[in-house]
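S.K.: Next come the chains, spelled out residue by residue.
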Amino acid sequence: MLTIVLRAIIIYLVVLFVFRVMGKRQLGQMQPFELVLTLIIADLATIPMAEIGVPVLHGIIPLLTLVILHFLLTLLSRLSTKFSMIISGKPVIVINPKGIDYKALKKLNITIDDVFEAMRGLGYFSLDQVEYAIMETNGKLSVMPKAEAAPATNGALKIKTEPAAIPVTIVSEGKLMKDNLVFAKVDEEFIQNFLKEKLGDKAKIKNVLVMTIDKNGLVYLQMKNGSKQVFENVREAA
Amino acid sequence: MKIFSKVCLVLIFLFLVAMCIVEDYVASTALATVEDDCLRLEEMTANLDNIVTMEVALAVDTLEYNWTGNESKLCYLVNHKSIQEIGMEIAKLKVYQQENDVKEFRASLEAVKFYSHSYLHFMGASLHNVI
Numbered sequence: 001m002l003t004i005v006l007r008a009i010i011i012y013l014v015v016l017f018v019f020r021v022m023g024k025r026q027l028g029q030m031q032p033f034e035l036v037l038t039l040i041i042a043d044l045a046t047i048p049m050a051e052i053g054v055p056v057l058h059g060i061i062p063l064l065t066l067v068i069l070h071f072l073l074t075l076l077s078r079l080s081t082k083f084s085m086i087i088s089g090k091p092v093i094v095i096n097p098k099g100i101d102y103k104a105l106k107k108l109n110i111t112i113d114d115v116f117e118a119m120r121g122l123g124y125f126s127l128d129q130v131e132y133a134i135m136e137t138n139g140k141l142s143v144m145p146k147a148e149a150a151p152a153t154n155g156a157l158k159i160k161t162e163p164a165a166i167p168v169t170i171v172s173e174g175k176l177m178k179d180n181l182v183f184a185k186v187d188e189e190f191i192q193n194f195l196k197e198k199l200g201d202k203a204k205i206k207n208v209l210v211m212t213i214d215k216n217g218l219v220y221l222q223m224k225n226g227s228k229q230v231f232e233n234v235r236e237a238a
Numbered sequence: 239m240k241i242f243s244k245v246c247l248v249l250i251f252l253f254l255v256a257m258c259i260v261e262d263y264v265a266s267t268a269l270a271t272v273e274d275d276c277l278r279l280e281e282m283t284a285n286l287d288n289i290v291t292m293e294v295a296l297a298v299d300t301l302e303y304n305w306t307g308n309e310s311k312l313c314y315l316v317n318h319k320s321i322q323e324i325g326m327e328i329a330k331l332k333v334y335q336q337e338n339d340v341k342e343f344r345a346s347l348e349a350v351k352f353y354s355h356s357y358l359h360f361m362g363a364s365l366h367n368v369i
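Residue numbers (our numbering), protein chains in the order written: chain A, 1 to 238; chain B, 239 to 369.
These are computed hints drawn from the structure, not numbers from a lab. Remember, it's a predicted structure, so these values are computed and weren't measured experimentally. For each residue, glycine too, the CB sits at the ideal point set by N, CA and C. Incorrect hints may have been included.
What the hints assert, rightly or not - To give a feel for the contact side, a few chain B residues facing chain A, derived at Cβ under 10 Å:
{"id": "1", "residue": "Ser243"}
{"id": "2", "residue": "Cys246"}
{"id": "3", "residue": "Leu247"}
{"id": "4", "residue": "Phe251"}
{"id": "5", "residue": "Tyr314"}
{"id": "6", "residue": "Leu315"}
{"id": "7", "residue": "Ser320"}
{"id": "8", "residue": "Val333"}
{"id": "9", "residue": "Tyr334"}
{"id": "10", "residue": "Leu358"}
{"id": "11", "residue": "Phe360"}
What the hints assert, rightly or not - Heads up, simulated DSS-like pairs for lysine-lysine below, C-alpha to C-alpha not over 27 Å straight-line:
{"id": "12", "chain 1": "A", "residue 1": "Lys224", "chain 2": "A", "residue 2": "Lys202"}
{"id": "13", "chain 1": "B", "residue 1": "Lys240", "chain 2": "A", "residue 2": "Lys178"}
{"id": "14", "chain 1": "B", "residue 1": "Lys240", "chain 2": "A", "residue 2": "Lys82"}
All chains should be built: construct the whole structure from the sequences, respecting the hints.
M.R.: Structural data, given as C-alpha cells:
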C-alpha cells in the first residue's frame, strides 16, 4: 500500500510539473492536439500508479516525451501557418449576412442546434441578432452581432469615462499580499493606519477578509465579521 | 517563452536521452553477464556426470548473485513481471545442481540462456519493439 501511495505522489507531482510546463490553457481553450495530449497524459499517469510491477519511469518517460512533442508542435505551429492549419484547423464562418452556411456546418460535423446552443450561451437568442458567427479552432463560437443588436458602449454613447484602474488585492483573508503592496505603492504601515483611521484601534490586518486598492485611490474593504465598505480618493494610494 | 519553461524543456530532453542510453547500457551489460555466466557453467559441466561439486555450486551462486544485482537495476526500467523468469530458472538450477539432476540442470541452463537472449528483444531499441 505504501508503494502505491508513494507512486501516486510521484506521478501527481510529475503530472503537475508537466501541465505547468505546458502552459495554463483551460480545456475549452485547447487546440485539438493539446486536448489529445491531455487525454493521453491522464491515461499514462494511471498505469504505473496502480500496477506495482510497472516501473514509475514507464509513466514518467512518456509523459516527458509528450511535453517535448507538445513544445515542438507549438513551435512549428508558431513558425508555420500551414502547419498550424493542418494540426489545429482554421476558423470557419458558420453564419454570414446571408444566413446559416449549411455546407460549413456539414464540414464541421455540427448541427444547427449546436450553433443555436453556442449562440444562446453568448446571449444571442435569435438568428436575426447575428451578423457573423465563427467556429474557432478550439470549438468555441464567436459571434459578431448586428449593429442594432450590439450592446451599447460608452464610446458609442459618447460618454466620457476615466481610464479603468485594476484593483490590487493587498490583504486577503487576513494575510498581507507583499508582492501586491509594491504594485499598489503602499506599505503595511499605510494599511494599519488606514484601518485605525476608518475602523478604530481594534481593527487589525488579520481580521480583514479582503482589501483592494486601485490607482485612483478606491479602496474596497471587508472585515471577516462585517459587510463591505468602499472608500474613495484614498490619497496615499496614488 | 519563459526561462523556466526553456530550462525545463532542455532538462527534460537531456533526461530522456540519458534514460535511453542508460536503459540500453544496463540491459545489454546485465544480460551479457548472465549469458557469460551460463556459458561458463555449460563449459564447466559439459563432460561432468556429477555436478555436485564446489566449483559448479560456486558458479551457480555467481550466476544468481550477478543476476540478482542486475535484476534490481532492470526493475527500474522494465516491468518486473517481464523479467522474473530468469530468477525462477536460476532457483530451479540450484536445486538441480544440489540433487545432481544433470538433464534438468542443462535444460534449465538453456532456459536461462534463452530468456537472457530474448529479453534483449523487448528491452533494447529495435524496430520490432517500436512497431
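S.K.: Now tell me if each hint is right for this structure.
M.R.: Quick rundown of the hints versus the structure:
1. For serine 243 of chain B, the interface hint holds, since its Cβ comes within 10 Å of a Cβ in chain A; the closest pair sits about 6 Å apart.
2. Because the closest C-beta pair between cysteine 246 of chain B and chain A is about 5 Å apart, less than 10 Å, the hint holds.
3. Because the closest C-beta pair between leucine 247 of chain B and chain A is about 5 Å apart, less than 10 Å, the hint holds.
4. With 10 Å as the threshold, the beta carbon of phenylalanine 251 of chain B comes within range of chain A, its nearest partner Cβ sitting at about 6 Å, so the hint holds.
5. At about 6 Å, the closest approach between the beta carbon of tyrosine 314 of chain B and any beta carbon in chain A falls short of 10 Å, and the interface hint on this residue holds.
6. For leucine 315 of chain B, the shortest C-beta to C-beta distance to chain A is roughly 6 Å, which falls under 10 Å, so the interface hint holds.
7. Taking 10 Å as the C-beta contact cut-off toward chain A, the hint placing serine 320 of chain B at the interface holds, the least distance being around 8 Å.
8. For valine 333 of chain B, the interface hint is violated, since its Cβ never comes within 10 Å of a Cβ in chain A; the closest pair sits about 25 Å apart.
9. For tyrosine 334 of chain B, the interface hint is violated, since its Cβ never comes within 10 Å of a Cβ in chain A; the closest pair sits about 28 Å apart.
10. The restraint placing leucine 358 of chain B at the interface with chain A is violated, with a minimum CB-CB distance near 18 Å, outside the 10 Å limit.
11. Interface restraint check: phenylalanine 360 of chain B against chain A, minimum CB-CB distance 12 Å, threshold 10 Å, status violated.
12. Between the alpha carbons of lysine 224 of chain A and lysine 202 of chain A the distance comes to roughly 13 Å, so the proposed pair stays at or under 27 Å and holds.
13. Taken as a hint, the lysine 240 of chain B and lysine 178 of chain A pair is honoured in the structure, with Cα atoms around 23 Å apart against an allowance of 27 Å.
14. A distance of roughly 25 Å separates the Cα atoms of lysine 240 of chain B and lysine 82 of chain A; the hinted pair therefore holds under the 27 Å criterion.
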